Amino acid sequence: MMPHELLKVVALVSVGAHPVTGRPRRAEQDARAVELGLCLAGKHLHLLHAGDAESEALRGYLGMGLAEMTVLQQPLHADILPALGSYLGATDAQLVLTGSQAEIGEGSGMLPYLLAEQLDWPLVVGLAEVESVKGGVAQVLQALPRGQRRRLQVRLPFVASVDSAAPKARQSAFGPAQRGQLQSQKVAVVEDMLLSEASMQTARPRPKRLKVIKAKTGAERMRAATAKASAGGKVLTDITPEQGAEAIFALLKEEKVLR
Amino acid sequence: MLDTLLPILIFCALAVMVLGAWRRLSLWRQGRPSPVPLIRGLAAMPRRYLVDLHHVVERDRYMSKTHVATAGGFVLAALLMIIVHGFGLHNRILGFALLGATVLMFVGALFVAKRRRNPPARLSTGAWNRLPKSLLMFSASFFVVTLPVAGVIPADMGGWVVALILLIGVAWGVSEMFLGMTWGGPMKHAFAGALHLAWHRRAERFGGGRSTGLKALDLDQPNAVMGVEKPTDFTWNQLLGFDACVQCGKCEAVCPAFAAGQPLNPKKLIQDMVIGLAGGDDASFAGSPYPGVPLGEHGGGPHQPIVSQEGKGLVGADTLWSCTTCRACVEECPMMIEHVDAIVDMRRHLTLEQGSTPNKGADVLDNLIATDNPGGFDPGGRLNWAADLNLPLMSEKKQADVLFWVGDGAFDMRNQRTLRAFVSVLKAAGVDFAVLGLEERDSGDVARRLGDEATFQGLAKRNIASLSKYHFNTIVTCDPHSLHVLKNEYGELGGNYDVRHHSTYLGELIANQRLNLGQHKGGSVTYHDPCYLGRYNGEYDAPRNVLKAIGIEVKEMERSGFRSRCCGGGGGAPITDIPGKQRIPDMRMDDIKETGAELVAVGCPQCTAMFEGVVEPRPYVKDIAELVADVLIEAPVPQRSATRSDAMEVH
Amino acid sequence: MKESFRRDPRNEWIARNRLHPLYSALQTQEASWIGPSGLVRKNPHVSGFIGPNGLKRIDRSGVQQGGGSQRSGTKAAVQLPLRIIEQPSFYIVVVPDMVNGRLSSHDKDLLGLANTLAGDEGAVVAVVFQAHKEGGFDTAGVDRLLHLQGEAFADYSPEQRVTALCALDTQLNPAHWLVPDSRTGGGELGRRLAAKLGERPATRVWQVADGQCIGRAGAGQQDMARTAPRLILAAAECADPVSDTRHEVRAIELNETLFHRVGRLDNLGAVAVDPALTPMAEAEFILSGGNGVKDWELFHQAAETLGATEGASRVAVDDGFMPRARQVGATGTWVTAQVYLAVGISGAVQHLQGIATCDKVVAINQDPACDMVKRADLAVIGDSAAILQALIERVREHRQGGMHDAA
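First to last, the sequence lines map onto chains A, B and C.
Just so it is clear: in the first sequence, position 126 is 125 by numbering that gives the first Met the number 0, and no numbers are missing.
Just so it is clear: in the second sequence, position 620 is 619 by numbering that gives the first Met the number 0, and no numbers are missing.
Just so it is clear: in the third sequence, position 54 is 53 by numbering that gives the first Met the number 0, and no numbers are missing.
Any given hint could turn out to be false.
Quick list of in silico lysine to any residue cross-link-like pairs, SDA-like style, CA-CA up to 25 angstroms [unchecked claim]:
hint : chain 1 : residue 1 : chain 2 : residue 2
1    : C       : K373      : A       : A249
2    : A       : K185      : A       : R58
3    : A       : K42       : B       : S355
4    : A       : K255      : C       : K373
5    : A       : K255      : C       : S103
With beta-carbon atoms standing in for the labels, derived distance ranges [as the list claims (entries may be wrong)]:
hint : chain 1 : residue 1 : chain 2 : residue 2 : range
6    : C       : Q352      : A       : E53       : 51 to 57 angstroms
7    : A       : R178      : B       : N472      : 51 to 57 angstroms
8    : B       : N495      : A       : E53       : 32 to 38 angstroms
9    : A       : K167      : B       : D629      : 28 to 34 angstroms
10   : A       : A66       : B       : A14       : 49 to 55 angstroms
11   : B       : R461      : A       : G88       : 51 to 57 angstroms
12   : C       : V270      : B       : R461      : 58 to 64 angstroms
13   : A       : K167      : B       : R39       : 50 to 56 angstroms
Output of the computed footprint for chain A on chain C, the stretches with three or more beta carbons under 8 angstroms from beta carbons of chain A [as the list claims (entries may be wrong)]:
hint : segment
14   : 183-197
15   : 225-238
16   : 277-288
17   : 334-343
18   : 355-361
19   : 389-397
Derived from the structure by calculation, the hints contain no laboratory data.
Small disclaimer: the values here were computed from a predicted structure and weren't measured.
No residue lacks a Cβ here, since even glycine has one placed at the ideal position from N, Cα and C.
For reference, chain A alone in the conformation it holds in the complex:
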């Protein structure tokens, strides 16, 4: 990817939570958004966060090699969208990068959509790569499941969300993280009404749905319920390579992985 020095890129970042311990950290997808931004704009990438400027986890983004970050000071239960929207509307940003969803809080993944709607900019979901920017139009690759890609053309300025198909974020270094500046700005606060109504609870593990058993007799139900355990692990010994290949081929066809 060529660095596009002239492209004005803003990366929206949030405070994440480690999936195992829940400790605050740079959010995985947001860090990928920053990585993509660094590839596009280098040191000119503008980092923007709406939240608490005291949060140490934000330094994780600065440690990727950026000198400063703008923080729109917002309390925990605020609706940050108006603040972000009016800030971005006032800048000359051409590309706003975000992660797909936040790691803490509601995490509805709506932010890029609402932001695009508010700014009336087009939105690219699952940006994997910016191939070129010419005459106010960007040619980009969109990530699809299973490593597939789709080429899109989008006019500037636009909002793009990245997911885990985007390039992996570079390491965050301690030194630049400590030296980086969190520039706090006071902005209007809009309370998020939903959060007062909704209740958060520790995620309940969802049991895997049992196979819907169409069997009408108890015996068939029994067989269906125990089939999983007895199946799996078919071992073919003493067969010709052709027979083995045929068995594998049948499985590949059944799984539809042969294109």
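Position chains B and C relative to chain A; hints supplied.
Just chains B and C, lined up with the frame of chain A:
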């Protein structure tokens, strides 16, 4: 004529030498400050040279004797020469003494020359091949020049032609020996080496001591660049130490990464630092290059980055990440240069400032930050391996004789066998022990070796805080890396503990007859010394004694004890994973197979993992704790209850 | 075990209940009738029932009714009762993903949820864009089908589709919008719709009950419970799919003619992705080689023919046959492939950890006792080179055969 010219020549040479010394000193002083006692260091220098350094050199008898003759003869000759020829004190006795000294030096130089005729690959050539000739020239010229002083031949014999030839010889000898000493010839090692010994950054190493812990980095100075980016970011006495290198290549010969074809050669690394100190490139380096890295492409200067992000720089990052921190080079170095310190200093910059820890390095560090273990496992599962063992917890007991430091092996299914074996032994011996359980965190070893001093200090401080809540006499651990960090590196951060390796502790239990052991059955056994137990902590005997106590006669490998070859698992090397021509554990496994042993006894989870990663067929790998547990006879030892109450009374 | 003899009280109840929709299906054959010659014919096989001990019992007391026929009777496709909502009091609109033109199981779960929300009064509307191959809308629970076709909705056209959905919103004013929260389109379309409608959706919802819904929040560590909003993006398995009713799939039309804005987002089409370059963590089909692979040339050839992404065990990487980035396992990359074909890999613990989430594991190995064979869903024991060679030929044959079919 000689009588007039010689003093001029000598004093001119001495003056130029002093100038050179001044220049050399100012080169070193570009480095960061480092507080060392200057005068006391100088006073201690002769003893450090004659005793400590000689111990290391003495491992090679030939070279030791040669050096004594050559260097002794030279120092004597040089002093007498200044008195006799410089000041013109033509005393016959002094003359004879000078003759004796030059003869001694000449003989020594002959041996040096002989060594250079068919040198091993580790020796540098180039200027170093010139050195024996210069030594011979110096000693021979002064021998002849001194003959009239001793009254052996008349003063005016030979006429001006002979005098001129002699003068050329003297000039050659003097310039190599005196000018070269401070202006950068092979003899530089004498000047820099002497001062390096005087102002060594680890004075504890002299007088039989041991200093292996890395030195802490001050993280509270946000504006200072962390780690070593440019040669001048080293402390001045580190720079001085690099200058002391004699390019003997002993480090190269023992370096596991070099042998595996990874792009590291400790000797070349030190020489590159010398190049960086003065500026230039490595085209004239006359030794083995980094495997796979041609000479002449790298260069730098005192104020240029050592590892360049763009372009070649002085050293490639792969070179620094190849090191397993096994300390074999430091152990072998006759000049007591600290290679590992330098490498970690440069790694600190790469990790803390550049964020360029290679391969899995970044993930491991992120895991350590987020989950307190390098594997990213749920810290709540740290004690799962002992779910059925009913281990006493420090948080419940508050005090115990022994604190069993489990280490991150708790998450590894293979190492859990070792841990369970050791717990069974502890229980059989009735040891009053407890574990920290979920309060334990990674010791910080890997983070520190990968250069992430911030994560190391964070982990260390939290571990020290946990440990400070409880009373115990000893920490025992099955992991030499934890042992080293707890014992040698936590001190600087305020945690001082009596830490023992499980083999040491097992040895004590056996010596106190608290274990009822049978005899090992099965095939022959060899023992692999873990670097962090042996070279880092000097424990070579205890594991062997334990093995002996269970009836194992260790079939020693050629490289064992302080010369043990690394398994390749230290210093984060499996994480950074720099490709080479072969793998270090495979080479070590070949060493093991050479003994014909059917089983290799180990005392380190890293070594176990590395050896078990070698493709079968290969000897079995078993920890000492497992071997002891295998022969444990579970009957209670009679005096068990007595010792137990003794142990309790300690508090 | 095929014939087990049980009474089915429900069937018996249906057989007694003439108003039950399944009544006719369960009516037993006549036990006696007047034959063409006027004689009374009796079918002795029909009368009576099979008792619990497997013997045929004939009860002449007249108590026994229905259920007399064996389950073999119900094996014939049962015509499920048709549910007709003539005048729905409200609509529930579902926008299924239609992956490959068919309802996915995720879509069916959503239709199931829609039917619970619709109850007896509401109608379930499915919105389908472009041509489809689905024939089972009726049994999946679709009362109304809006089938939108046209250039504008081709392939990837989120903005145009949202415009159409907005028009539908005005037309039907649905009580709920249900969109699958999936990566195959629904997640994006639903959120775009939410942003356009100004509805705050509930996302990753896995339970809707009593006007409350629960969805995953944050990075999945928490659940968020809230009043069910109008737009719900539901996760897979949010409800059971419809199983016992048929729906009329009545076609409806958009009243409004759509005016599409000039696209700000142009689809230039799918990019051919070389499976060899697909990141392993994302790859769908991985061919992985280990210490047992001797002919690496053949291995690469096999990967190319199969269209598989290459992986390797640690040993193969250590020995320099494969680059480090291709190492699978706890110390390499954790993979999520649908099919993981392991050739000559014995299955070290770390490696098995790394493939734990793979759907189907196939092992080719010499050693039937190795751990990989134990883990595998299908294991072929034998010489890996010969089997790979045979597999390459089989796949080539298939490809050519496919070409002939197409021609």
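Tested hints:
{"no.": "1", "hint": "C:K373 <-> A:A249", "result": "20 angstroms, holds"}
{"no.": "2", "hint": "A:K185 <-> A:R58", "result": "19 angstroms, holds"}
{"no.": "3", "hint": "A:K42 <-> B:S355", "result": "17 angstroms, holds"}
{"no.": "4", "hint": "A:K255 <-> C:K373", "result": "24 angstroms, holds"}
{"no.": "5", "hint": "A:K255 <-> C:S103", "result": "15 angstroms, holds"}
{"no.": "6", "hint": "C:Q352 <-> A:E53: 51 to 57 angstroms", "result": "39 angstroms, violated"}
{"no.": "7", "hint": "A:R178 <-> B:N472: 51 to 57 angstroms", "result": "44 angstroms, violated"}
{"no.": "8", "hint": "B:N495 <-> A:E53: 32 to 38 angstroms", "result": "35 angstroms, holds"}
{"no.": "9", "hint": "A:K167 <-> B:D629: 28 to 34 angstroms", "result": "45 angstroms, violated"}
{"no.": "10", "hint": "A:A66 <-> B:A14: 49 to 55 angstroms", "result": "51 angstroms, holds"}
{"no.": "11", "hint": "B:R461 <-> A:G88: 51 to 57 angstroms", "result": "45 angstroms, violated"}
{"no.": "12", "hint": "C:V270 <-> B:R461: 58 to 64 angstroms", "result": "48 angstroms, violated"}
{"no.": "13", "hint": "A:K167 <-> B:R39: 50 to 56 angstroms", "result": "52 angstroms, holds"}
{"no.": "14", "hint": "183-197", "result": "holds (count 8)"}
{"no.": "15", "hint": "225-238", "result": "holds (count 3)"}
{"no.": "16", "hint": "277-288", "result": "holds (count 6)"}
{"no.": "17", "hint": "334-343", "result": "holds (count 3)"}
{"no.": "18", "hint": "355-361", "result": "holds (count 3)"}
{"no.": "19", "hint": "389-397", "result": "holds (count 6)"}
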